[in-house]
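K.L.:
Protein sequences appear in the order of chains A and B. All residue numbers for the first sequence refer to this note's numbering, where the first residue is 1 and numbers rise by one. All residue numbers for the second sequence refer to this note's numbering, where the first residue is 1 and numbers rise by one.
Hints listed in this document are in silico derivations from the structure and should not be mistaken for laboratory results. Where hints are given, some of them may not hold.
Lysine-lysine pairs mimicking DSS-like chemistry, simulated, CA-CA at most 30 Å apart [unchecked claim]:
no. : chain 1 : residue 1 : chain 2 : residue 2
1   : B       : LYS411    : A       : LYS110
2   : B       : LYS151    : B       : LYS40
3   : B       : LYS411    : A       : LYS129
4   : B       : LYS139    : B       : LYS40
5   : B       : LYS353    : B       : LYS151
6   : A       : LYS18     : A       : LYS223
Only a predicted model underlies this, so the values are computations on that prediction, with no experimental measurement involved.
Here's the letter readout for the chains.
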Amino acid sequence: MLEISNLHASIAGKEILKGINFSVKEGEVHAIMGPNGSGKSTLAQVLAGHEAYDVDLEKSRVTFLGQDLLDLPAEERARLGLFLAFQYPVEIPGISNSYFLQAAMNEIRKSRGLDELDAMDFDELLQEKMKMVEIDPGFASRAVNAGFSGGEKKRNEILQLAVLEPRLAILDETDSGLDIDALRIVSEGVNRLRSPNRAFILVTHYQRLLDYIVPDFVHVLYKGRIVKSGGRELALELEEKGYDWIRTEEDAGAPV
Amino acid sequence: MRGQAVPTTTTEAPVFDLTREHFLRDMRRLAETPAPVWLKKLRMDGETLFAGTAFPHTKMEEWRETNLAPLVETPYYSMTGLPRHTLAGFDTAPCRVDGWINLVFVDGFFDAAVSDASLLPYGAHAGSLAQAMTGPAEKIVQKHLGSCLGKRSAYTALNTAFIQDGPFLYVPQGVELDRPVNFICIATERQENVAAHYRGLFVLDAMARATVAVTCISMGAGGNHFDNVVEEVVIGDGAALTRCEIIDAGATGRRLCTTETRQGRDSRLESFSITLGGAIVRNQLCVMLDGPGAEAHLNGLYLNAEAGLVDNNLHLTHAATNCTSRIAYKGVLDGTSRSVFTGRVLVVPHAQKTDSVQLNNNLILSDTARVETRPQLEIYADDVKCTHGATVGPPPPEIVFYFRSRGVDEKTARGMLTYGFAEDLAGRIPDPALRQKVDGIIYRRFSPGING
Ligand SMILES: Nc1ncnc2c1ncn2[C@@H]1O[C@H](COP(=O)(O)OP(=O)(O)OP(=O)(O)O)[C@@H](O)[C@H]1O
Ligand SMILES: [Mg+2]
Numbered sequence: 001m002l003e004i005s006n007l008h009a010s011i012a013g014k015e016i017l018k019g020i021n022f023s024v025k026e027g028e029v030h031a032i033m034g035p036n037g038s039g040k041s042t043l044a045q046v047l048a049g050h051e052a053y054d055v056d057l058e059k060s061r062v063t064f065l066g067q068d069l070l071d072l073p074a075e076e077r078a079r080l081g082l083f084l085a086f087q088y089p090v091e092i093p094g095i096s097n098s099y100f101l102q103a104a105m106n107e108i109r110k111s112r113g114l115d116e117l118d119a120m121d122f123d124e125l126l127q128e129k130m131k132m133v134e135i136d137p138g139f140a141s142r143a144v145n146a147g148f149s150g151g152e153k154k155r156n157e158i159l160q161l162a163v164l165e166p167r168l169a170i171l172d173e174t175d176s177g178l179d180i181d182a183l184r185i186v187s188e189g190v191n192r193l194r195s196p197n198r199a200f201i202l203v204t205h206y207q208r209l210l211d212y213i214v215p216d217f218v219h220v221l222y223k224g225r226i227v228k229s230g231g232r233e234l235a236l237e238l239e240e241k242g243y244d245w246i247r248t249e250e251d252a253g254a255p256v
Numbered sequence: 001m002r003g004q005a006v007p008t009t010t011t012e013a014p015v016f017d018l019t020r021e022h023f024l025r026d027m028r029r030l031a032e033t034p035a036p037v038w039l040k041k042l043r044m045d046g047e048t049l050f051a052g053t054a055f056p057h058t059k060m061e062e063w064r065e066t067n068l069a070p071l072v073e074t075p076y077y078s079m080t081g082l083p084r085h086t087l088a089g090f091d092t093a094p095c096r097v098d099g100w101i102n103l104v105f106v107d108g109f110f111d112a113a114v115s116d117a118s119l120l121p122y123g124a125h126a127g128s129l130a131q132a133m134t135g136p137a138e139k140i141v142q143k144h145l146g147s148c149l150g151k152r153s154a155y156t157a158l159n160t161a162f163i164q165d166g167p168f169l170y171v172p173q174g175v176e177l178d179r180p181v182n183f184i185c186i187a188t189e190r191q192e193n194v195a196a197h198y199r200g201l202f203v204l205d206a207m208a209r210a211t212v213a214v215t216c217i218s219m220g221a222g223g224n225h226f227d228n229v230v231e232e233v234v235i236g237d238g239a240a241l242t243r244c245e246i247i248d249a250g251a252t253g254r255r256l257c258t259t260e261t262r263q264g265r266d267s268r269l270e271s272f273s274i275t276l277g278g279a280i281v282r283n284q285l286c287v288m289l290d291g292p293g294a295e296a297h298l299n300g301l302y303l304n305a306e307a308g309l310v311d312n313n314l315h316l317t318h319a320a321t322n323c324t325s326r327i328a329y330k331g332v333l334d335g336t337s338r339s340v341f342t343g344r345v346l347v348v349p350h351a352q353k354t355d356s357v358q359l360n361n362n363l364i365l366s367d368t369a370r371v372e373t374r375p376q377l378e379i380y381a382d383d384v385k386c387t388h389g390a391t392v393g394p395p396p397p398e399i400v401f402y403f404r405s406r407g408v409d410e411k412t413a414r415g416m417l418t419y420g421f422a423e424d425l426a427g428r429i430p431d432p433a434l435r436q437k438v439d440g441i442i443y444r445r446f447s448p449g450i451n452g
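Kindly produce the complete structure, drawing on both the sequences and the hints.
P.N.:
Quick look at the structure:
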């Protein structure tokens with residue numbers, strides 16, 4: 001459903017992604033690992049359509065569900081079924097979680113020719129999903145992420161994922177900063193949402209997430225390139241050897 | 001004596017003489033009508049002061065950012081010689097608040113026919129200053145009227161010279177109003193340029209409690225009307241007043257309002273000033289914290305749509321120890337509109353343990369809107385906590401992107417953000433009926449595309 005070929009992107013004149021290639025099929029779970037600053041969040045943001053990044057449109061090609069993704073503004077990518085759980089979700093003072101999510105849901109429904117949900121129907125759905133990710137019902141009326149703890153923000157991203165039911169979800173370090181209970185809740189949420197026509201890309205630093213959510217593929221991103229791909233055993237190997245293993249291997253061949 | 005009131009030494013250009021002459025002519029007309037001696041004297045003092053005071057201009061520090069030239073250059077007819085209008089089918093329902101006592105004023109004068117009966121606890125009065133001045137409440141009015149007002153500008157002096165009618169509220173010692181009072185002030189459509197000199201007086205004796213609103217609206221688009229308003233507010237020891245002002249002068253209406261408030265020991269003022277529109281709107285709010293432990297919470301919201309100018313001018317004086325003040329003004333500016341915010345906080349030398357916080361946040365929706373925000377702290381005591389902060393800018397792009405990543409386009413996101421920004425302030429209004437009303441106005445204004 002997602003094919004990325006030779007993706008180049010830069011910010012502030014600095015090239016961050018230097019030719020990314022991989023594809024994701026329906027139902028698959030891909031994990032992306034890599035040291036700090038290697039470009040994992042950049043990849044996630046570029047796929048979501050953040051305009052601060054300059055994508056080299058000559059070289060890069062990304063298709064999603066048969067459409068040219070790089071041609072679409074962020075909101076249309078979301079309506080098509082792409083979802084990004086942010087590494088650092090923003091706080092939106094003055095707008096309640098339920099109001100925000102109802103708006104998002106209805107924009108997506110409208111774009112698919114479906115009827116908008118009224119406040120009552122939406123509330124029912126929201127309560128059900130909140131139960132699923134074990135979020136206190138009181139959070140529905142609280143301003144989006146405002147004053148939430150780090151873990152609460154991450155769980156709130158998963159709540160949005162559960163409500164919006166995208167085709168492809170990119171989770172950017174959703175496991176970071178979670179205690180063991182929260183990690184279990186988040187993973188169970190994701191596992192429940194796994195389905196033959198929904199795919200996931202998990203950006204993570206930790207093998208422990210992959211104990212809960214077993215990936216089909218693991219990719220290692222280093223200095224803007226995918227330098228290794230494999231099955232879940234690659235994650236175990238990384239956990240054991242650390243990124244230095246990748247660094248020495250890569251930097252040995254790279255010009256100084 | 002009269003001759004002395006005619007200006008002989010004014011500093012303005014001759015073009016304004018006609019404006020001044022119009023006002024003086026109408027004062028002479030008013031002087032011929034019967035009135036208590038003390039009132040005639042009060043008006044005369046106003047007239048003398050007016051005659052000797054220059055109209056505001058941008059070389060005066062206080063008016064540097066607020067160009068009143070269009071107002072000063074318009075010769076107005078004051079409502080002394082003109083026939084009074086009735087509302088003739090104009091629906092006041094949107095201005096009313098359910099369950100409140102709604103009292104209607106038309107072009108500056110009380111209209112009993114469209115007002116609710118004002119059933120209040122024994123000794124309390126809510127209604128028309130004109131009636132109060134000549135009825136059983138005369139002594140109360142005489143005692144307080146003119147007692148708070150400082151020498152603010154030619155326009156406040158002008159207002160005093162024209163004192164006739166306006167909102168009046170009196171709550172005796174220890175009495176709590178069981179229902180809030182809503183003063184609705186309506187400007188009718190007229191051929192002439194009309195000035196209405198509303199004079200309001202709100203007195204709460206010790207330990208009294210009340211909630212009041214002043215709702216101003218113009219029929220039609222706003223026409224040429226000019227509301228020149230002065231309000232005096234006296235809050236006695238231990239008394240508490242919640243006060244909400246909702247101003248919509250339309251696209252072309254003009255309004256200058258000076259509200260002078262004096263607070264006694266351990267008293268509390270909760271003020272909400274909401275400006276929805278007008279070509280020139282100036283809300284000057286002067287608060288004197290005169291007794292130890294007094295508290296003032298001044299909240300403001302201004303939503304400038306097209307080309308209007310809204311000037312919120314706050315003068316807050318900490319004149320006693322242990323007083324608390326909170327100023328929170330928020331604005332949304334679109335089109336070529338302008339906002340001027342001045343938050344002057346003066347702490348006198350003996351006002352120790354002063355606790356004052358001032359915030360002015362502005363959301364800018366267009367490239368052509370302009371904001372001037374001026375906190376001015378003058379602190380002469382040493383044991384005080386005074387802070388201020390201001391923000392001016394468009395909706396943060398990272399937040400807009402967050403919306404877009406969820407399928408909500410930029411326009412809708414900005415609408416929702418603006419609604420949230422403004423609603424945050426409306427949400428602090430303690431009275432549920434009024435809060436709902438203000439919330440509805442804000443919601444319709446920014447109409448985020450979603451089923452409520
Ligand atoms: N706005 C920006 N301006 C300049 N450089 C930036 C900007 N945003 C990101 N970068 C740089 O791009 C590189 C990649 O950042 P990115 O956030 O994608 O890394 P990451 O792999 O997600 O790291 P982490 O594991 O710490 O989350 C870093 O060197 C970062 O400093
Ligand atoms: Mg990152």
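K.L.:
Quick one: which hint numbers does this structure break? Sort them smallest to largest.
P.N.:
none
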